[in-house]
Amino acid sequence: MRKWSKVQQFSAGKSKKWALSAVALSVLVLSGCVTVPDDIRGTTATPQMNLQAVQGAPSLYVGQESRFGGKVVAVTNLQNKTRLEIATVPLDDGARPILGAASRGRILAYISGFVDPVDYRNQLVTVVGPITGVEKGKIGESSYDFVTVNVNSYKRWRIQQQVVMPPQPIGPWGWGYGGPYDSWGRGFGPGWYDTTPARVESVVTE
Numbered sequence: 001m002r003k004w005s006k007v008q009q010f011s012a013g014k015s016k017k018w019a020l021s022a023v024a025l026s027v028l029v030l031s032g033c034v035t036v037p038d039d040i041r042g043t044t045a046t047p048q049m050n051l052q053a054v055q056g057a058p059s060l061y062v063g064q065e066s067r068f069g070g071k072v073v074a075v076t077n078l079q080n081k082t083r084l085e086i087a088t089v090p091l092d093d094g095a096r097p098i099l100g101a102a103s104r105g106r107i108l109a110y111i112s113g114f115v116d117p118v119d120y121r122n123q124l125v126t127v128v129g130p131i132t133g134v135e136k137g138k139i140g141e142s143s144y145d146f147v148t149v150n151v152n153s154y155k156r157w158r159i160q161q162q163v164v165m166p167p168q169p170i171g172p173w174g175w176g177y178g179g180p181y182d183s184w185g186r187g188f189g190p191g192w193y194d195t196t197p198a199r200v201e202s203v204v205t206e
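Oh and the sequence shown: position 42 is 42 in this note's numbering, straight run, nothing missing.
Hints in this document: simulated from the structure, not taken from any laboratory. Glycine included, each C-beta is placed from N, C-alpha and C at the ideal position. You may find that some hints are simply not true.
Said to hold, decoys possible - DSS-like, lysine-lysine: derived pairs with alpha carbons at most 25 Å apart: (1) Lys136 <-> Lys71; (2) Lys81 <-> Lys71; (3) Lys155 <-> Lys81; (4) Lys81 <-> Lys138; (5) Lys136 <-> Lys81; (6) Lys138 <-> Lys71; (7) Lys155 <-> Lys71.
Unchecked claim - Pairwise CB distance ranges (calculated): (8) Val200 <-> Ala57: 41 to 51 Å; (9) Asn80 <-> Ala53: 26 to 36 Å; (10) Asn122 <-> Tyr144: 13 to 23 Å; (11) Leu60 <-> Met165: 17 to 27 Å; (12) Lys138 <-> Asp38: 29 to 39 Å; (13) Gln161 <-> Val62: 39 to 49 Å; (14) Gly63 <-> Pro166: 42 to 52 Å; (15) Ile139 <-> Pro166: 37 to 47 Å; (16) Lys136 <-> Gly63: 19 to 29 Å; (17) Pro166 <-> Lys138: 40 to 50 Å; (18) Val200 <-> Asn150: 37 to 47 Å.
Sequences and hints are given; from them, build the entire structure.
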């Protein structure tokens with residue numbers, strides 16, 4: 001008859017070290033997977049993304065490839081093209097607009113052909129193309145100089161909800177390292193677990 005035995009649980013310090021190691025590994029794996037999608041990669045390794053610099057001296061940047069993204073606040077269908085007014089925000093390593101970030105300014109992005117306003121108004125987008133200059137306009141009653149971009153490629157993003165579980169310690173046989181063990185050293189009972197409730201957060205995805 002098999003006898004079950006219990007071994008002494010790891011100390012809190014060791015458990016914390018395992019937990020931190022697991023979290024660090026997860027961060028490394030996730031960060032290594034973040035890439036810019038091919039359709040908004042552009043043709044240069046370092047497209048211009050500093051809107052404040054362009055606004056300060058727009059003539060210096062005319063013709064330079066840019067990559068901007070943010071929320072579409074207006075869509076205007078013109079003859080053979082569509083104009084998107086975009087409130088730009090910083091982009092992450094995958095060229096996705098960062099949720100909750102403050103606007104860095106607005107641009108007018110011109111897309112060839114027809115774009116249905118229903119599909120793009122109030123949506124998140126990233127656009128890539130050469131800077132063409134400045135166009136005077138208004139935001140409300142205030143005059144505003146919009147940096148203009150001729151869009152070569154663009155991407156619309158979606159916002160979805162995901163459940164984020166608290167990090168748990170990990171051992172050689174899986175999660176829950178530090179619990180009771182059988183005679184082969186396998187954990188069979190609850191070990192040290194983070195009891196923090198799971199949270200739901202919004203993420204930008206394709």
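Now the hints, each set against the structure:
no., hint, verdict
1, Lys136 <-> Lys71, "holds, 20 Å"
2, Lys81 <-> Lys71, "holds, 19 Å"
3, Lys155 <-> Lys81, "holds, 17 Å"
4, Lys81 <-> Lys138, "holds, 21 Å"
5, Lys136 <-> Lys81, "holds, 19 Å"
6, Lys138 <-> Lys71, "holds, 17 Å"
7, Lys155 <-> Lys71, "holds, 12 Å"
8, Val200 <-> Ala57: 41 to 51 Å, "holds, 44 Å"
9, Asn80 <-> Ala53: 26 to 36 Å, "holds, 31 Å"
10, Asn122 <-> Tyr144: 13 to 23 Å, "holds, 19 Å"
11, Leu60 <-> Met165: 17 to 27 Å, "violated, 48 Å"
12, Lys138 <-> Asp38: 29 to 39 Å, "holds, 36 Å"
13, Gln161 <-> Val62: 39 to 49 Å, "holds, 41 Å"
14, Gly63 <-> Pro166: 42 to 52 Å, "holds, 49 Å"
15, Ile139 <-> Pro166: 37 to 47 Å, "holds, 42 Å"
16, Lys136 <-> Gly63: 19 to 29 Å, "holds, 20 Å"
17, Pro166 <-> Lys138: 40 to 50 Å, "holds, 48 Å"
18, Val200 <-> Asn150: 37 to 47 Å, "holds, 39 Å"
The structure fails hint 11 only (numbered hints given earlier).
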